[in-house]
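A.B. asks: This is what each chain is made of:
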Amino acid sequence: MSNISRRKFITTGLAVAAGASGIAVAAKVARLHGLIPPDAGGLYGPGETLTYAAQRLLTRHSMARQFPRTEISKNPFANEVDRLGDEFKRLQAASFVEWRVTVDGMAARPASFSLAEIRGFPTSTQITMIGCEEGWTYIAEWTGVPLSYILDRVGALPQVRYVVYRSIQPDWWESIDMADALHPQTLLAHRMNGNELPVPFGGPVRLRVPRQLGYKNVKYINRLTLTDNLKPFGKGLGGANPDGGYAWYAGI
Amino acid sequence: MNASLPIADRGARQLSSSAKLGSAVPAAHRKRHSALVRVTHWTTTVAFLALLVSGGEIVLSHPRFYWGETGNVNMRPWLNLHLPSSRDTVPTGYGYVLPDQNGWSRYLHFQAAWLAVGTGLFYVLFGLFAGHFRRNLFPAASDLSIKELGGSLVRHLRFERPGKEEAWSYNVLQRLTYLLVIFVLFPLVIWTGLAMSFGFTSEFPLAVRLLGGQQTARSLHFLVTIFLVLFLLIHVLMVFVAGFRNRMRAMITGRATPPTE
Chain A
126 MSNISRRKFI
136 TTGLAVAAGA
146 SGIAVAAKVA
156 RLHGLIPPDA
166 GGLYGPGETL
176 TYAAQRLLTR
186 HSMARQFPRT
196 EISKNPFANE
206 VDRLGDEFKR
216 LQAASFVEWR
226 VTVDGMAARP
236 ASFSLAEIRG
246 FPTSTQITMI
256 GCEEGWTYIA
266 EWTGVPLSYI
276 LDRVGALPQV
286 RYVVYRSIQP
296 DWWESIDMAD
306 ALHPQTLLAH
316 RMNGNELPVP
326 FGGPVRLRVP
336 RQLGYKNVKY
346 INRLTLTDNL
356 KPFGKGLGGA
366 NPDGGYAWYA
376 GI
Chain B
40 MNASLPIADR
50 GARQLSSSAK
60 LGSAVPAAHR
70 KRHSALVRVT
80 HWTTTVAFLA
90 LLVSGGEIVL
100 SHPRFYWGET
110 GNVNMRPWLN
120 LHLPSSRDTV
130 PTGYGYVLPD
140 QNGWSRYLHF
150 QAAWLAVGTG
160 LFYVLFGLFA
170 GHFRRNLFPA
180 ASDLSIKELG
190 GSLVRHLRFE
200 RPGKEEAWSY
210 NVLQRLTYLL
220 VIFVLFPLVI
230 WTGLAMSFGF
240 TSEFPLAVRL
250 LGGQQTARSL
260 HFLVTIFLVL
270 FLLIHVLMVF
280 VAGFRNRMRA
290 MITGRATPPT
300 E
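Chain order of the listed sequences is A and B.
Heads up: the first sequence at position 5 corresponds to 130 in the numbering used here, and the numbers run straight through without jumps.
Heads up: the second sequence at position 231 corresponds to 270 in the numbering used here, and the numbers run straight through without jumps.
Okay, chain A solo, but in the shape it has when bound (with noise of 0.2 Å):
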């Protein structure tokens, strides 16, 4: 081996045992920050992990952007949903005056509360762009109780790291992290563009985080719980639609 080739040798050598602990230190610094995502395994978890940690260094206090009145959608666009059970429908007949929003996990005062109450608690305005993952985008006027308020209510606990939201319709959940939970601009909507919310924007309760696609803004909440792991939920990757083949953090 001559003097060049071991040197080299060495060389390379320092700077791929630098590399790799590197790496493991740089995973635990962001796992330690909340920067790693629930889908971070798998063959696109490093860009997804990448898109994730970004955000969450760049665009933590960020507000999604907001439109002057005259900016509204006068032709906004309800995707379709899946087929709403005999539940909902029976409770749409009674105007929803039986729906209620179960707060549950890890609370010190868990709570069940009715529409009136959801309805009755500080509301927050914002107008907002929503946009699918497929492409398209609306503007409106969205009216909620920010789910700060909630988690203040119900004490969510410290160690608190996830909000885990689901539908009346039956296996249909997301999941966002503290972040966005606590975001001022985050809603249980109840009121679109001055009314009540219509059943197809996701009346009577719908979760709003404008920062995120239309995906995460589940409709027709009706319970929320509080965790600090998704690993028991689904199939641990925080949400139906990631349990779908979708990435959980749908801010981009």
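Treat the hints as calculated values from the structure; they're not laboratory data.
We put the CB at the ideal spot given by N, CA and C, even for glycine.
Each hint should be verified, as a subset may be incorrect.
[Claimed, not checked] Now the in silico label distances, taken between C-beta atoms and shown as ranges:
hint, chain 1, residue 1, chain 2, residue 2, range
1, B, Arg-197, A, Leu-183, 44 to 54 Å
2, A, Val-154, B, Phe-165, 25 to 35 Å
3, B, Arg-194, A, Thr-195, 49 to 59 Å
4, A, Ser-239, B, Gly-142, 28 to 38 Å
On the provided structure of chain A, position chain B as indicated by the hints.
C.D. replies: Positioned in the frame of chain A, the structure of chain B alone reads:
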């Protein structure tokens, strides 16, 4: 102590390595592309093809394009591709709905975008430091006359095989095209892509405002892609015109055979 020693040392290494190569390949083979150019070229190729396939697939879930901020099936598009769709909410006129492939398509699109952007940054930084742009891409002032440009254009349109002088460097049209792709089209396609992201525009709203809206960004993303595909097609065609084997060997091994008379 002796400043000239490392240079002499390097010269000796080069001599010995070309002597070694001499046994495997003809001594006439000369260096054409640096390792930086070759590695980033093929990495970009892989990323671009992945972006193209996944991007095309994503378009199928809504094969219509709009100007401004908003657009959906209740609004009039400026462009309807009249393709079958992977969603039954889009009226296409076709009697069938394609399977939904957006899950992996979107995952792949963004993973490949990271690869493309990382490769691009690496290429631009090293290209600046190593003098690649100055040496190989910026055209000489004398080549920018109407006469020179016209002559080069005519030779391209006649599909003439490049002359000897082009065996080791790019011609003027090639230089201008590569500069357009590297410094205009690629930055534009990245910008218009980011301008569609709700997370990104929450932090950088100007990225989408300057373009004229979210749907305009989507439309421009599609249009820039068409120009990139046109470039790819002409680029590959020109490789065939110039001699496929030699050009491929140059971009893979870095070495090329000088043209024979």
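A.B. asks: All hints are to be evaluated individually against the structure, with a verdict given for each.
C.D. replies: Hints versus structure:
Distance hint for B/Arg-197 and A/Leu-183: a CB-CB separation of about 51 Å, consistent with the stated range 44 to 54 Å. A C-beta distance of roughly 27 Å is found between A/Val-154 and B/Phe-165, which places it inside the suggested range of 25 to 35 Å. A hinted range of 49 to 59 Å holds for the C-beta pair B/Arg-194 and A/Thr-195, which are about 55 Å apart. Against the hinted window of 28 to 38 Å, the Cβ-Cβ separation of A/Ser-239 and B/Gly-142 comes to about 36 Å, which satisfies the hint.
In summary, this structure violates none of the numbered hints.
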